[in-house]
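6 protein chains.
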Amino acid sequence: MSNSTPTHFSFFPEMLAGETADVYFLRTREVLTREGIDPIVTMEFFPGRAGVLCGIREACEFLKLALGEVELTIEAMDEGARIEPKQVALRLAGRYLAFGIYETALLGMLSQSTGWATAARLCVEAAGPIPVYSFGARHVHPRVAPILDYAAIVGGCVSGSTPAGSRLAGRDPAGTMPHTLILIIGDTVAAAEAFDRSMPPEVPRTVLVDTFHDEAEESVRVAAALGAHLHSVRLDTPAERGGVTVDLVREVRARLDLAFGRESGSRGVGIFVSGGLTPERLRQFRDSGVEIAGFGVGSAIAGAPPIDFTADIKAIGGHPVAKRGRIPGITPNPSLHPVVW
Amino acid sequence: MSNSTPTHFSFFPEMLAGETADVYFLRTREVLTREGIDPIVTMEFFPGRAGVLCGIREACEFLKLALGEVELTIEAMDEGARIEPKQVALRLAGRYLAFGIYETALLGMLSQSTGWATAARLCVEAAGPIPVYSFGARHVHPRVAPILDYAAIVGGCVSGSTPAGSRLAGRDPAGTMPHTLILIIGDTVAAAEAFDRSMPPEVPRTVLVDTFHDEAEESVRVAAALGAHLHSVRLDTPAERGGVTVDLVREVRARLDLAFGRESGSRGVGIFVSGGLTPERLRQFRDSGVEIAGFGVGSAIAGAPPIDFTADIKAIGGHPVAKRGRIPGITPNPSLHPVVW
Amino acid sequence: MSNSTPTHFSFFPEMLAGETADVYFLRTREVLTREGIDPIVTMEFFPGRAGVLCGIREACEFLKLALGEVELTIEAMDEGARIEPKQVALRLAGRYLAFGIYETALLGMLSQSTGWATAARLCVEAAGPIPVYSFGARHVHPRVAPILDYAAIVGGCVSGSTPAGSRLAGRDPAGTMPHTLILIIGDTVAAAEAFDRSMPPEVPRTVLVDTFHDEAEESVRVAAALGAHLHSVRLDTPAERGGVTVDLVREVRARLDLAFGRESGSRGVGIFVSGGLTPERLRQFRDSGVEIAGFGVGSAIAGAPPIDFTADIKAIGGHPVAKRGRIPGITPNPSLHPVVW
Amino acid sequence: MSNSTPTHFSFFPEMLAGETADVYFLRTREVLTREGIDPIVTMEFFPGRAGVLCGIREACEFLKLALGEVELTIEAMDEGARIEPKQVALRLAGRYLAFGIYETALLGMLSQSTGWATAARLCVEAAGPIPVYSFGARHVHPRVAPILDYAAIVGGCVSGSTPAGSRLAGRDPAGTMPHTLILIIGDTVAAAEAFDRSMPPEVPRTVLVDTFHDEAEESVRVAAALGAHLHSVRLDTPAERGGVTVDLVREVRARLDLAFGRESGSRGVGIFVSGGLTPERLRQFRDSGVEIAGFGVGSAIAGAPPIDFTADIKAIGGHPVAKRGRIPGITPNPSLHPVVW
Amino acid sequence: MSNSTPTHFSFFPEMLAGETADVYFLRTREVLTREGIDPIVTMEFFPGRAGVLCGIREACEFLKLALGEVELTIEAMDEGARIEPKQVALRLAGRYLAFGIYETALLGMLSQSTGWATAARLCVEAAGPIPVYSFGARHVHPRVAPILDYAAIVGGCVSGSTPAGSRLAGRDPAGTMPHTLILIIGDTVAAAEAFDRSMPPEVPRTVLVDTFHDEAEESVRVAAALGAHLHSVRLDTPAERGGVTVDLVREVRARLDLAFGRESGSRGVGIFVSGGLTPERLRQFRDSGVEIAGFGVGSAIAGAPPIDFTADIKAIGGHPVAKRGRIPGITPNPSLHPVVW
Amino acid sequence: MSNSTPTHFSFFPEMLAGETADVYFLRTREVLTREGIDPIVTMEFFPGRAGVLCGIREACEFLKLALGEVELTIEAMDEGARIEPKQVALRLAGRYLAFGIYETALLGMLSQSTGWATAARLCVEAAGPIPVYSFGARHVHPRVAPILDYAAIVGGCVSGSTPAGSRLAGRDPAGTMPHTLILIIGDTVAAAEAFDRSMPPEVPRTVLVDTFHDEAEESVRVAAALGAHLHSVRLDTPAERGGVTVDLVREVRARLDLAFGRESGSRGVGIFVSGGLTPERLRQFRDSGVEIAGFGVGSAIAGAPPIDFTADIKAIGGHPVAKRGRIPGITPNPSLHPVVW
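Protein chains in written order, with our numbering: chain A, 518 to 858; chain B, 518 to 858; chain C, 518 to 858; chain D, 518 to 858; chain E, 518 to 858; chain F, 518 to 858.
Hints may contain errors.
One copy or two, it doesn't matter: identical chains are merged, so the pair holds either way.
In silico EDC-like cross-links for lysine to aspartate or glutamate, where the CA-CA straight-line distance does not exceed 20 angstroms [unchecked claim]:
#, residue 1, residue 2
1, K603, D764
2, K840, D764
3, K603, E547
4, K581, E536
Everything labelled a hint here was simulated from the structure, so no lab data went into it.
Take these sequences, add in the hints, and give me the full structure.
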């Protein structure tokens with residue numbers, strides 16, 4: 518995976534206009550404005566569960582764009598840091614009316630991105646040294662597919678499947694070939710050859726081998742046809758056929774070795790695994806010792822629930838306050854550092 | 518809740534450009550284009566689990582915008598319909614290159630919206646005749662907060678908290694008053710009076726009563742101060758103080774009755790409940806028989822996992838096909854009907 | 518399955534000589550003989566768990582052979598009857614020394630056969646109208662493989678895989694073709710054709726289709742090659758490839774229909790299922806409604822534990838007795854009837 | 518237990534004639550013969566679960582008898598060895614038609630004997646230094662009762678209850694006295710005295726003490742009557758009276774000590790325990806520290822399910838092959854060694 | 518069981534002096550006295566769990582004795598009534614200082630007696646038509662043993678084992694004979710005969726038969742010795758010997774029938790069961806249909822936890838009040854009725 | 518807590534008269550007296566479960582009072598000692614008629630006191646260094662409330678709430694102020710001031726703060742009003758308001774610190790916790806590290822079931838005996854020592 522300069526987050530007009538805010542923040546703005554009240558407040562954002570913090574970079578870019586020249590003191594933990602329940606991830610201090618309507622948006626960015634990054638981290642830890650790719654774009658709304666891929670990379674994935682998302686993190690998108698291509702061309706080998714003809718050299722030739730025939734059989738056919746051009750085969754066996762298992766990977770490797778010789782040929786062909794992978798299954802593959810070139814993970818990351826964040830006003834005009842149930846005043850956290858722009 | 522004309526979905530340029538697609542669809546487009554292959558294919562979209570179908574309206578608006586004059590036959594089930602596992606929700610037939618790169622986006626719209634609508638339906642069923650509002654915008658990325666509110670309304674919620682989302686469904690956004698307003702003004706009654714002064718008459722005066730003092734005590738104070746202007750009080754007691762319980766609602770009602778008389782005064786004051794509500798807790802409230810004006814539900818809807826959809830090519834050039842593990846040919850579904858534009 | 522006259526059970530010399538008895542019965546014979554004691558006793562045999570009684574026919578044939586002209590009163594329940602815990606299945610009355618050393622053998626016949634017949638019944642009930650075959654000979658010692666098949670047929674199986682066992686019940690043995698034949702011939706279609714050439718017409722042409730290629734693919738190839746000669750295909754997919762599932766059967770049927778037309782050709786080809794079938798899995802297949810020609814069940818019958826029987830002396834010289842913990846005297850059971858020879 | 522020379526296994530004509538084989542192996546022989554195909558194949562036998570390997574000795578004796586002068590290369594692991602899942606226990610190489618019809622018989626010998634030996638090992642390990650006897654002949658068909666006792670001894674039992682089985686392993690059969698003897702003689706002490714009179718000196722006087730009276734009471738009576746002739750008492754209390762427990766053994770020992778003095782008399786009387794013993798109960802007895810002379814185990818060994826074995830052709834004419842789902846070619850196993858005859 | 522006039526409860530001086538009260542009530546009396554405050558208050562007593570109300574009679578006798586001429590309005594539910602969680606069992610209205618220090622004592626009477634009566638009811642319901650006796654005095658402190666027996670009778674027991682307790686409920690105490698008597702006399706039959714000689718005719722001759730010999734054996738011996746004098750035998754087999762089971766009762770009955778004839782003799786001998794009985798075991802005996810003369814239940818009643826009661830002030834000087842968390846004012850309960858003395 | 522001289526146990530006439538005994542012991546006394554039998558017997562008392570032994574002191578005081586000059590040898594373990602199942606806690610040797618009727622009473626004292634002391638120990642261990650008080654008098658009958666408090670102190674509690682019970686152990690009773698006092702005075706601060714005026718200086722001023730207003734709010738008000746007189750606040754939040762939690766304690770501390778400064782004022786105010794405390798919850802508080810002045814535990818001690826004791830005659834006239842199921846003769850226990858008076 519090549520690394521390039523990460524791109525900036527883009528923000529849609531309705532977010533900046535407060536149209537995605539809880540409406541009661543808009544009403545609060547109206548009330549306070551009419552009452553002429555606008556104190557300096559300190560607001561803290563913290564999660565309810567532990568995880569891998571993500572969304573801080575986007576939140577800061579968002580505040581910068583939304584507030585422009587307005588003065589606001591920002592302290593934040595690092596993107597990708599480990600965060601504990603109730604640990605303060607972000608602390609804002611400034612005139613309330615300057616940023617009050619963005620509370621919903623900031624919470625949402627942090628909650629969902631942290632949920633995804635945390636789930637990705639669990640997968641990456643389970644996979645050990647084998648690289649993990651975020652293949653979950655299809656499970657989330659396309660508006661947030663790039664956010665998902667970015668968060669998955671913050672959580673430890675090598676890359677994601679969407680161009681927009683991978684580039685947010687300065688990575689190239691990753692992908693192989695869909696069943697669609699093979700079905701339309703009508704034969705796995707023919708599809709592989711067409712792919713090989715069309716793609717620029719930097720795209721790895723990873724051929725999906727479960728569309729028409731037995732995986733082991735197709736792997737040998739494809740390896741024979743593409744020769745040294747072949748980077749790897751991808752196993753994505755559907756649940757209806759037992760899914761991808763350790764035994765299947767082991768057999769495909771054995772039949773490739775049998776066909777091409779372990780040393781001269783087959784070793785050069787990687788086996789890429791996808792389809793319903795969870796941390797438990799990733800750990801099984803890893804613990805089995807079978808040689809795997811990479812994992813494509815979808816639902817286990819994309820379907821992770823948000824890690825809910827809460828925002829509390831902890832000081833007004835310099836005096837400690839809190840609603841009932843919370844501790845008044847600033848919560849100490851040495852991991853916070855000033856954010857400048 | 519007033520009903521107005523629903524607004525249209527908006528689509529961001531990167532979605533239309535395929536930047537949120539799995540990159541292998543972009544590569545497939547490139548391969549097929551170079552090979553000169555572009556058959557008429559029939560593609561079916563179906564979910565893996567049962568639920569309340571949502572996202573169909575957005576998907577059709579998206580295709581209309583993206584394809585323009587290109588010919589495509591669309592059959593779809595109704596937005597909001599009950600859908601079974603593997604039941605076909607959407608069937609497209611046309612030249613593959615016209616719509617192939619949008620597979621990821623269409624799957625994502627259906628998966629996430631159906632997940633949310635289904636979770637909302639569970640809450641609405643649990644709540645019985647008591648209205649449920651979607652208050653989960655803060656748990657999801659602001660890009661999709663409007664999609665969440667729309668899906669929650671399709672699932673049966675009366676309205677959502679975001680202006681953008683509620684209006685997609687032709688509803689007014691719903692909200693009360695945040696702890697922030699009360700903390701900044703410094704007293705619940707003073708905040709309630711300021712709110713009453715500032716808001717237009719159509720906004721219900723629902724006052725949050727757990728910020729500074731005991732909920733029952735504040736409810737009586739607020740009811741005394743606002744009199745007939747008061748629509749309801751909102752209980753949002755944090756988990757640190759035991760959360761909102763049936764007993765608490767019952768006691769607040771009893772103390773209001775004691776203070777103002779059951780018939781003349783207190784009956785007119787509703788009690789609105791929010792905070793960590795789940796279908797189980799909604800059912801407890803409902804079964805208890807306590808009188809409740811409405812529920813605000815957040816995580817139980819917003820944190821619902823997507824209901825994953827899959828897209829399969831089932832015919833090419835009129836001939837039944839399928840990858841291994843699937844049944845070749847069109848899957849019968851009498852609930853599908855043609856979509857025209 | 519044709520029905521012929523059942524053959525008789527054969528008994529090995531060591532059984533008749535008491536060499537398979539618990540040695541303490543041999544010693545008891547020695548003690549009583551030397552003491553000159555040989556009363557008329559009544560002995561009852563009953564199971565500890567409910568089940569389908571089996572072994573009675575063999576027990577009676579054994580006693581007839583072993584005792585010859587010696588007088589013994591036998592009462593027994595019917596082979597294949599439903600039996601309850603502690604219900605008396607067999608009652609013997611006669612001089613103790615005439616039959617005492619056979620207690621172990623009689624208990625063993627009843628315990629193991631009843632265990633197998635009961636397990637078979639569970640499978641047959643789960644399979645509903647679809648015929649079940651006993652394919653478990655490989656899991657038990659060859660000495661008892663015929664007993665297993667006989668008991669399975671008593672429990673409701675149509676037939677078993679061993680000639681000796683099936684004929685005990687007056688049935689023809691059932692079998693298809695092993696992986697061995699296909700591996701040695703080297704191709705499924707070639708093996709099917711050789712089988713077709715060699716077998717007499719009454720042997721159904723059931724071809725195993727999971728040896729080399731994808732099951733659906735091979736089914737179509739075999740059906741094309743054998744045409745009307747083909748009776749059915751057998752799916753025996755190993756656990757390493759997900760086992761046989763409802764989805765797989767459904768897909769094979771669909772692809773056969775697609776290839777040959779539902780009416781004209783494919784309907785005539787049955788699908789036979791084997792491999793790790795349990796009552797739970799049999800019920801899934803049956804409940805799914807997929808069309809299945811038969812099930813081959815192995816471990817679920819052959820691996821069933823014995824249903825232990827106990828023999829109690831309940832009367833001596835006409836007087837009720839029993840050891841501590843048991844009720845003295847004859848246990849009433851209207852299902853018993855005299856056995857004559 | 519004295520050790521003598523083990524006897525040979527006997528094989529019934531129907532086993533040698535293939536009458537206990539799965540009929541499809543007989544048909545395969547017919548097809549291949551008619552087609553004139555008979556390659557040299559390598560076949561491997563391996564279990565699905567871990568255990569104590571048993572049946573190898575019988576399998577080799579069987580092949581020797583069945584094949585006579587025909588050439589066959591046999592490699593096998595040791596009888597009684599610990600075996601892992603999928604580890605090769607037996608490898609045959611030779612002309613297929615020479616041994617193909619015996620696959621069912623060989624699998625059955627290995628599966629059932631290994632199941633029994635493994636269960637016996639669990640009991641022996643649980644019992645620690647206290648000897649375990651196989652008393653399960655009554656739970657299995659008399660045809661295999663000797664096989665059961667032999668396998669139990671391979672698994673670690675000191676001996677079995679059947680003459681035929683114990684002698685296969687070169688042991689004397691073990692037994693005490695049945696309830697029958699006592700019931701017929703009518704008194705425990707009288708039965709013990711008759712037994713003592715009749716039995717040769719090498720048979721230990723182990724008297725069953727739960728038939729008529731309380732176990733502790735009878736033990737004292739029997740010990741008084743037989744004096745130094747008494748080897749041990751056997752407790753076999755039925756489930757209806759609470760079964761044998763640690764407390765009961767402890768009390769019988771205490772009452773014997775009280776009656777005869779711990780040093781001078783009672784220590785010489787052993788306590789033998791039987792009745793529903795499982796590894797868990799054996800471990801309780803052992804962990805309790807009560808002094809026990811031996812355990813008689815029935816169902817826990819005899820009712821153990823087979824450990825299923827599978828036979829795979831892994832090479833034909835020297836070339837690696839395998840059906841789908843298995844790794845082609847010889848599976849390495851340094852524990853195999855050639856078997857010569 | 519004969520019924521006589523119930524005796525009155527006795528109250529120890531330290532209870533009347535407030536020495537068993539929570540000391541803070543004594544301090545409250547001191548504070549209010551010094552401050553000159555003594556309003557008329559209404560106090561309600563209610564349980565946290567459902568049950569069979571007991572302790573009301575004692576509470577009222579206690580208040581009568583403690584308050585003498587002081588005016589107090591008492592409303593109460595009936596002793597033995599079914600009571601629901603939070604249902605008011607007792608309501609007091611009067612000058613607080615008159616009864617305030619007795620809150621602890623009243624709560625304790627109600628909590629513990631209701632706990633015991635409720636547990637007794639569960640046993641009685643499980644036993645169906647078979648009478649249940651409270652034999653739990655040995656499990657509780659002798660100060661409360663009579664209270665236990667009284668509560669058990671309120672819950673449905675026929676009688677208890679203590680004279681003091683049974684007479685509180687107007688019943689004669691019930692008992693058979695302890696192991697002690699038999700051990701000291703040295704023989705069950707001799708003890709039975711001595712008992713028969715000494716006891717007045719109205720005491721039933723129920724003989725314990727598990728002390729020295731097998732229960733069935735002793736039952737027959739005792740029945741032979743006492744003849745028509747024998748009322749019943751008691752089985753109390755200890756856990757070390759398997760406890761009393763349905764099978765044991767059935768066997769004892771069968772052996773009595775065998776010895777004396779079902780019609781002429783044995784039918785007249787009852788079987789009384791005790792030892793570790795729980796509602797579950799009582800139900801097993803009852804469902805088995807074996808004939809049982811009575812059950813003696815100890816721990817299952819005596820070890821039942823209290824059903825905690827709470828006392829709340831709900832009105833002061835006629836005005837509804839309540840602490841936070843409770844509903845102010847009188848709680849309606851039509852089952853309450855005035856108590857007069 | 519000051520320590521003074523423990524008071525003696527008092528025994529009610531009905532206990533001494535045998536009116537609380539199982540009636541069969543009274544009958545045994547009558548039989549043996551009439552038969553002229555009164556051997557010297559040795560009786561052992563032992564528990565069925567492990568625990569903290571309590572009741573020994575009372576049992577010995579009781580025997581001393583009941584037997585007076587009659588000779589009896591007593592051996593006992595120490596009050597408060599750890600005891601194992603079946604370990605002998607008390608051994609009596611003497612003429613049976615002298616003490617036989619007290620078996621029930623002695624068992625009851627030991628069973629219930631040991632049950633309570635054991636439960637108290639679990640709480641004390643869970644609470645670690647934080648003192649635990651027995652506040653369970655209201656859950657048990659007032660006759661045994663002092664016994665409960667004494668046993669709780671033996672188990673490790675600092676003191677109990679009843680004067681009679683605490684003084685048995687030589688401790689002063691502990692208590693704060695009930696809701697009743699605050700409800701009657703009508704305001705928490707006013708009640709605290711009245712309490713402060715009336716109580717002698719050695720009574721700590723611990724003010725209950727959950728009656729009318731939010732706990733944190735009241736704590737600050739009370740601390741402001743009483744100043745240095747205030748010893749602590751007590752949190753007893755009812756389950757209807759979430760109970761007392763670690764978060765609540767932490768918040769009350771924080772708001773006190775905020776109001777009065779951590780060093781100068783708030784540190785001097787303790788926080789006392791009560792209400793539904795169990796060992797699990799005590800451990801949570803302790804593990805959280807929040808500063809707590811003490812715990813008041815009720816049901817978790819008072820509702821503990823008795824630890825049942827059994828009494829066995831193990832020798833008569835110096836000869837070992839035992840009923841069936843028990844080991845005859847004295848059970849060795851080096852922890853027993855002679856009790857003299």
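Status of the hints after comparison with the structure:
Taking CA atoms no more than 20 angstroms apart as the test, K603 paired with D764 passes between copies only; the shortest distance there is 12 angstroms, against 44 angstroms inside one copy. Taking the closest pair of Cα atoms, K840 and D764 come within 20 angstroms of each other only across two copies (13 angstroms); inside a single copy the shortest separation is 57 angstroms, beyond that limit. Within a single copy, K603 and E547 get their C-alpha atoms no closer than 30 angstroms, and across copies no closer than 47 angstroms, so neither meets the 20 angstroms cut-off. Proximity of K581 and E536 under a CA criterion of 20 angstroms is satisfied intra-copy only: 18 angstroms inside one chain copy versus 25 angstroms between copies.
Of the numbered hints listed earlier, the single one contradicted by the structure is hint 3.
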